[in-house]
Amino acid sequence: MTFKEIVEHISCEIINKGNDFDTAVIENVSAGDMMSEVLVGDEDNRILVTALTTDQVVRTADIVEARGVILINGKRPQTSMKTLAEESGLTLISTKNNMFTTCIELGKLLGKCK
Amino acid sequence: MGSVNNLLFVNDSHEVILESIYTVRVKEAMNANPMRVAPDDTMRTAKNIMKENGLSGLPVVDGNRLAGILSLYDIMACYDNGSMDDKVSKYMSRDVILLEEDMPISFAINYFNKFKFRRFPVINKNKELTGMITARDLTAAMLNNINKQLQKYDKLNMRLSDPDPADIRSDTVIYRQFIVHKYDFENAGKVTSEIKKILKDRGIKQSIIRRVSIAAYELEINLVVHSDGGVLIFQLLPDAIMIKTQDKGPGIPDLEKALTDGFSTASEWIRSQGFGAGMGLPNVKRVSNDFQISSDVTGTEVKIKINLGNEEDESK
Ligand SMILES: Nc1ncnc2c1ncn2[C@@H]1O[C@H](COP(=O)(O)OP(=O)(O)OP(=O)(O)O)[C@@H](O)[C@H]1O
Ligand SMILES: [Mg+2]
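In order, the protein sequences belong to chains A and B. For what it's worth, numbering that gives the first Met the number 0 labels the leading residue of the first sequence as 0, then goes sequentially. For what it's worth, numbering that gives the first Met the number 0 labels the leading residue of the second sequence as 0, then goes sequentially.
Bound conformation, chain A alone:
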């Protein structure tokens, strides 16, 4: 799936358009608020779904080369998180949906849910 598809299907707001916003093809999703759990996986072309709004999310995304981050429950990034996302060219999206709904929607887009 692409960011364009995500934005079309999930009610959300784009906080930062990353360098590869138009070209990235997302194949996997990591959901959760514990950074080491994100680091356990080694799937490529991931998007992170989290309620955590700190710099550490961007740093973790950078380590696993995630394509972007979706903040759930209407969370807004802390100022330093937004700045870091802009600096590192990472796509940052915020949705009012909760974790469950967001993951189901993403699963549908990926063809992993009916």
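Among the clues, some could well be false.
Said to hold, decoys possible - With beta-carbon atoms standing in for the labels, derived distance ranges:
no., chain 1, residue 1, chain 2, residue 2, range
1, A, S87, B, P252, 33 to 41 angstroms
2, A, E4, B, Q205, 40 to 48 angstroms
3, B, K199, A, K74, 26 to 34 angstroms
4, A, E4, B, T171, 42 to 50 angstroms
5, B, L254, A, S87, 16 to 24 angstroms
6, A, S87, B, N143, 47 to 55 angstroms
7, A, E26, B, N146, 22 to 30 angstroms
8, B, E267, A, N44, 32 to 40 angstroms
9, A, F99, B, G261, 20 to 28 angstroms
10, A, D43, B, L17, 48 to 56 angstroms
11, A, E26, B, V296, 45 to 53 angstroms
12, A, L109, B, F262, 31 to 39 angstroms
13, B, S293, A, G110, 42 to 50 angstroms
Hints in this document: simulated from the structure, not taken from any laboratory. Backbone N, C-alpha and C fix where the C-beta goes; we use that ideal spot for every residue, glycine too.
Based on these hints, arrange chain B with the ligands on the given structure of chain A.
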């Protein structure tokens, strides 16, 4: 005395100051073997001792026992209403407020706050006079102790940032040391970014960079959230990458437990920062070709190696 009062009431007193207030004993701060007079000495003798030594008060000692204290006010009273040939016992105050030499100086600070006196006699367990203490003595002892403590901290920091020759192989291509501070969430992860950049600039394979970054990040975060601060050492060798962290404590009581998936001692607020799944050390182990950890109360040391060779053969 003002400065002593201030020290006591500063709410955000640095730990070092608090520590010195509770660990320095009156005995270490007092002036031992102070000038003294006997009850039968004349007021003239007392006045001369005070004048020559620039003292505003003198303990009056009968044998070994403290009988009273004589102040400048008593000398003035004598000038006004008596004769300098009168005995000290006639003017001294017998109601003496004493400090014991084994008390921490926090007691003395309290006394200076509570009573108007400028000096207090100090006695030992046998109730014998062993010294006198003034606010100035207190301040000097505290400053001395704070200084010593700071020097100790500095040494510790220096030891941590001095390269250990055993760590530097002769074929080291790049050697970097980073200091990581306790609870410094603002900078947490910056060391890892720096290492990542070095490897990218060198054209190291992406899959290796990812493994190194995972290990570096987990170890860096552990220094921030669990240790009292430490260093992270990065070395690029021709055939491998080595990372070592070394911290100032408090150590890991049960290493086996700490290496178990899901074991964490992280508090609720650390978890609210995204850490404490208990997956950090297992992650480091998983991405490393060689993993060593040792720990005691003086600190924890983790040393890992990631080979640059063909990953599929090397990593398990
Ligand atoms: N440098 C250290 N100093 C003291 N204790 C440590 C240190 N590193 C790890 N520990 C202890 O080992 C435990 C396990 O560490 P580990 O990194 O695996 O998990 P965590 O840090 O608790 O959570 P996570 O890494 O998943 O965010 C920690 O909870 C802590 O008790
Ligand atoms: Mg950890």
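Taking the hints in turn, this is what the structure says about them:
Range check, S87/A to P252/B: Cβ separation about 38 angstroms, and the 33 to 41 angstroms hint holds. Here the CB-CB span from E4/A to Q205/B is close to 26 angstroms, at odds with the stated 40 to 48 angstroms. With their beta carbons about 31 angstroms apart, K199/B and K74/A fall inside the hinted range of 26 to 34 angstroms. Checked against the hint of 42 to 50 angstroms, the pair E4/A and T171/B passes, with Cβ atoms roughly 48 angstroms apart.
Look at L254/B against S87/A: about 35 angstroms separates their beta carbons, and that is not inside 16 to 24 angstroms. The given range of 47 to 55 angstroms is respected by S87/A and N143/B, whose C-beta atoms sit roughly 49 angstroms from each other. Distance hint check: the CB atoms of E26/A and N146/B are about 60 angstroms apart, inconsistent with the given range 22 to 30 angstroms. Between E267/B and N44/A the CB atoms are about 34 angstroms apart, so this pair conforms to the stated range of 32 to 40 angstroms.
For F99/A and G261/B, the Cβ-Cβ distance of about 23 angstroms falls inside the hinted range of 20 to 28 angstroms, so the restraint holds. Evaluation of the 48 to 56 angstroms hint for D43/A and L17/B yields a pass: the beta carbon distance comes to about 52 angstroms. Checked against the given bound of 45 to 53 angstroms, the beta carbons of E26/A and V296/B, roughly 47 angstroms apart, stay inside it. Range check, L109/A to F262/B: about 33 angstroms between beta-carbon atoms, so the 31 to 39 angstroms window is met.
For S293/B and G110/A, the Cβ-Cβ distance of about 48 angstroms falls inside the hinted range of 42 to 50 angstroms, so the restraint holds.
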